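Residue-level listing of the chains:
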Amino acid sequence: MRYAIQAEGLAKHYGATKALDGVGLVVPQGRLLGVLGPNGAGKTTAVRVLATLIRPDAGRAEVGGFDVVRDAHQVRSLIGLTGQYASVDESLTGTENLVMIGRLLDLPRRAAKARAAELLTRFELTEAADRAAKTYSGGMRRRLDLAASLVGRPQVLFLDEPTTGLDPRSRTELWGVVRSLIADGVTVLLTTQYLEEADQLADDIVVFDHGRVIASGTPDELKATTGTQVLELKPVDGERLGQAESVVATVVGVRPDVAEGRVSVRVKDPAVVPAIVRALDDLGVVAAELTLRKSSLDEVFLALTGDNPAQPARHVKEAVSA
Amino acid sequence: MTTLTETLPKPAARRVGPRATLNHSLTLTWRNLVQIKHDPWELLGLSVQPIMLLLLFVYVFGGAIAGNTTDYLQFALPGIIAQNVLYSTVGTAIALNTDIAKGVFDRLRSLPIARTAPLTGRIVADSVKQLWALGLFLGIGALLGFRVQNGVGGVLGTVALLMVFTLSMSWLAVLVGLTAKNPERVQLLTFSLIMPLTFTSNAFVPSETMPGWLRTWAEVNPVSQLADAVRGMLIGGEVAAPTTNSLLWAVGVIVVFAPLAVRAFRRGR
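Protein sequence lines correspond, in order, to chains A and B. Each residue of the first sequence is one higher than the one before, counting from 1 in the numbering used here. Each residue of the second sequence is one higher than the one before, counting from 1 in the numbering used here.
Calculated directly from the structure, the hints in this document are not laboratory data. A quick note: this is a predicted structure, and the numbers were derived from the prediction, not measured. Beta carbons: idealized from backbone N, C-alpha and C, even for Gly. Among the clues, some could well be false.
What the hints assert, rightly or not - Restricting the straight-line Cα-Cα distance to at most 20 Å, the calculated cross-link-like pairs of lysine to any residue (SDA-like) are:
no.	chain 1	residue 1	chain 2	residue 2
1	B	Lys181	A	Gly15
2	B	Lys102	A	Ala132
3	B	Lys37	A	Gly15
To be verified - Covered stretches of chain B, going by a simulated chain A footprint (3 or more residues, C-beta under 8 Å):
no.	segment
4	21-32
5	109-123
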């Protein structure tokens, strides 16, 4: 298999901080690799190394078969980059931004204009084409930014947290665009903090933490790594929540969590489900909801990185011990 | 069906040729100038400050310094033109720093373009703005009674010298723009450098009344040298010595700061 992106042993430190501490990853041609990780995990640094913006202190990386340090210029002619911050010139119009990129990529003036118009149409920015980008909404600006990275028809696209700060609708729209790029055969490396985003888009996922890759695999493989599923039970009658809790505790043998009228517990053996149903039936407790689902990527993520300040510590400990 | 990214044959060239380098620089020059079209305030800002400075100095200080405003205008206008070169580099530094902060610089650096194009595009654009300011000074000056004695030759000489000087000072601006943490610091750093530099020159007042030590400095000060050269070219007086000294300063600044700026640029962030 040919790899569009290949990196091994990448290291980069800033003073005492190891932004990258021996990162290796591969992305086969035409696939989307999701790079997941909390803030400061090294995702952006990895993208900057691969996009030739900074040199690694150690290790090597190739994009499209070219070394990112030695053949940086060739790498640049293959890639597109959309950064965490919308890197369009806010005082230029949408058209001017794209024409500028086209001209910089040595397109003749007319071709640059045509390409700009084509992309503005594709990204539904035609009406705003002659307005300064600073008047754009966040979603429009991000679309323009993505359009700018596509002017040169890149074979490899780096999307560094492309949907951070976008409203759900703009996010879904952007996902659609990314899917169409994949359909066109573009290789994509996408960093994100949103597990749902990785789950939706990625063929493969690597999880970064403290500058290292701590897990990799397909979304399903990662979900399977915790080896557990989550059972959730909600009785129709809220008063009988206590009974439901004790049934689950007895059958599974672990004290479940109770929150918002719902009992939830991690289970390893799906056979507990019929046992719970029977016990509830005996007591006359009617379940409004009884589900057994795979761990979500969120739970996997927590179990792997073990630190997410947004989550209560209880969950973290539980995830780690699971 | 048209696809977004049908694969085109990619040039495998390892370097950018001189013609492409020129085109990239001109494209980025265009980018830096076309902004004025959308933001007329920038042009206003570019114009108001020099005009205000000129009027204030001539009408507030002129009488006190030279006895009357007409004589003072003859003396001060070349000085104000000279010190404005330094102030215009603040804009260069801030614009560059803003590009970095906003990510525009990263986008440019991720493109297969001449490495120096983002810098030269900025510098050339700011030289054009410098020309605009010069035209403004001479125009307003003429309205107030300033008379160019040496004709077109003097004006062209002034333009040429100012361009060389701007070019050299831009390297200092580039270094500050690349290394400062944020645009506010750029502003602080450049102003605290430029204010004393321009005021300890003979741009606004003759250096004769300054205390000895300051006078010694004021006479070698690059702003004084440039002001004297511009005086010589526009209204007559010695030209060769101050012009040579101005050029020496320009070369000195380039020799020291261009390598530092290029190094800061290469190192990335």
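Hints and how they fare:
1. Our distance criterion of 20 Å between C-alpha atoms is met by lysine 181 of chain B and glycine 15 of chain A, whose separation comes to about 17 Å.
2. A hinted pair counts as satisfied when its Cα atoms are at most 20 Å apart, and lysine 102 of chain B with alanine 132 of chain A qualifies at roughly 15 Å.
3. Taking the CA atoms of lysine 37 of chain B and glycine 15 of chain A, the gap is near 43 Å; set against the 20 Å cutoff, the hint is violated.
4. For the segment 21-32 of chain B, the stated coverage by chain A holds: 6 residues have a C-beta nearer than 8 Å to a C-beta of that chain, and at least 3 were required.
5. Only when three residues or more bring their CB closer than 8 Å to a CB of chain A does the claim for the segment 109-123 of chain B stand; here the count is 6, and the claim holds.
In this structure, the one hint that does not hold is number 3.
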